[in-house]
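Colleague: For the protein sequence lines, the chains are A and B, in the order given. Mind the numbering: the first sequence is residues 1 to 51 in our numbering, read in order. Mind the numbering: the second sequence is residues 1 to 322 in our numbering, read in order.
Hints in this document: simulated from the structure, not taken from any laboratory. Because the structure is a prediction, the values reported are computed rather than measured. Among the clues, some could well be false.
Stated by the list, open to error - Examples of chain B residues lying across from chain A (beta carbon under 7 Å, computed):
hint, residue
1, S87
2, A109
3, S110
4, G111
5, Q115
Said to hold, decoys possible - Simulated restraints on C-beta separations:
hint, chain 1, residue 1, chain 2, residue 2, range
6, B, R256, A, K15, 16 to 26 Å
7, B, R56, A, S31, 33 to 43 Å
8, A, S31, B, S99, 23 to 33 Å
The beta carbon of each residue, even a glycine, is placed where N, CA and C say it ideally should be.
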Amino acid sequence: MTDLLLKGANLLGDKGADVLVRDGVIAEIGSIPGAGELGGRQLTVDRKSVV
Amino acid sequence: MTRKHLLSSADLSRDEVDSILDTAASMHDVQRRDVKKLPTLRGRTVINLFFEDSTRTRSSFEIAGKWMSADTINITGKGSSTSKGESLRDTVMTICAMSVDALVIRHSASGACHQVAQWVDASVINAGDGTHEHPTQALLDAYTLRQRLGSLEGRHIVIVGDLAHSRVFRSNVITLGRLGARVTVVAPPTLMPSGIGDWAARDGFATSWDLDQTLYAASPADRPDAVMMLRVQRERMSGGFFPTEREYTTGYGLTRERLARLYAATPDLPILHPGPMNRGLEISAEAADATSSAILDQVSAGVAVRMAVLYHLLAGETEAAA
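Generate the whole structure from the sequences, applying the supplied hints.
Modeller: What follows is the structure, given as structure tokens:
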């Protein structure tokens with residue numbers, strides 16, 4: 001399963017929130033531990049390596 | 001059924017689907033009365049929160065709520081504070097602070113309804129989230145097919161079109177599979193979702209790139225019992241998914257010629273389309289208006305099914321509180 005972790009994204013109008021997208025579906029939004037300072041860049045990650 | 005939200009077709013068991021469809025049949029009887037009113041949801045407030053355009057879904061949810069005596073209010077993205085930059089979370093928290101009972105939500109982001117369900121106490125009904133799911137559409141399609149075909153056990157349903165952008169297809173393969181139907185989905189390779197092979201193996205449906213081979217299978221047992229055409233969603237396309245509209249119609253449209261050949265074998269073959277239709281692109285006018293077309297039946301079933309969904313999610317609480 002490939003997750004997409006967005007730091008400081010603007011999805012659902014929540015500016016600056018971290019967003020975890022799993023298989024194309026928003027799975028989590030808010031402050032996600034381990035999101036890192038990616039400055040809004042998109043990064044494909046393995047969720048296990050993030051938590 | 002003791003469910004609070006309806007977010008995904010995968011949440012519903014076979015028994016729950018049957019229960020909703022049976023209730024919808026009763027609600028359909030109400031729809032045919034002169035006075036279409038039930039007191040079931042008196043005192044309940046249902047908010048239709050639509051951030052994407054809708055004709056059928058929004059109006060049928062509004063009618064369903066009103067016929068069941070709920071107070072229904074429509075809010076659209078353009079007319080709400082989201083157009084001023086308010087986040088979805090703040091919008092729904094604000095609405096729910098007014099003690100509403102249910103939010104019917106359509107949003108362009110896949111997963112938006114799941115997020116809202118985590119933030120609010122009200123029941124949340126997914127009325128379409130991005131390219132993810134549209135569970136009430138799948139229920140009304142199943143209801144329409146059941147009205148036409150009886151039990152769907154072992155029936156072969158062919159779904160054709162823009163699968164890559166279709167939330168209707170995603171919900172339908174789950175719901176029709178629950179009811180025992182065999183589903184084959186057909187699309188050009190560019191409009192097949194990535195990873196569909198694994199997904200088809202998991203959920204038990206077949207895929208094909210060849211519409212004619214699927215429609216006119218050599219074995220009668222493999223021929224379709226119903227055909228559902230899906231809209232080409234040009235508004236969600238960012239690139240060229242097929243060379244020309246004419247080429248798409250030639251390869252994947254339900255044309256007059258294909259309809260005539262289907263009718264030669266099965267004159268009463270149900271033809272479905274969730275709407276809105278691109279006449280002349282994915283479906284010809286002859287097919288849309290054919291005697292066996294179930295497209296307006298789907299619209300009619302939409303109200304009954306959404307009444308049933310509101311009943312199952314909200315009426316139990318009402319009865320418990322009474």
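Colleague: Hint by hint, note whether the structure agrees.
Modeller: Each hint tested on the structure:
1. S87: holds (4 Å)
2. A109: Status holds, d = 6 Å.
3. S110: OK, holds: B/S110 within 7 Å of chain A, min 4 Å.
4. G111: holds (3 Å)
5. Q115: Cβ of B/Q115 sits 6 Å from chain A, so the hint holds.
6. B/R256 with A/K15: 16 to 26 Å: violated (51 Å)
7. B/R56 with A/S31: 33 to 43 Å: holds (38 Å)
8. A/S31 with B/S99: 23 to 33 Å: holds (28 Å)
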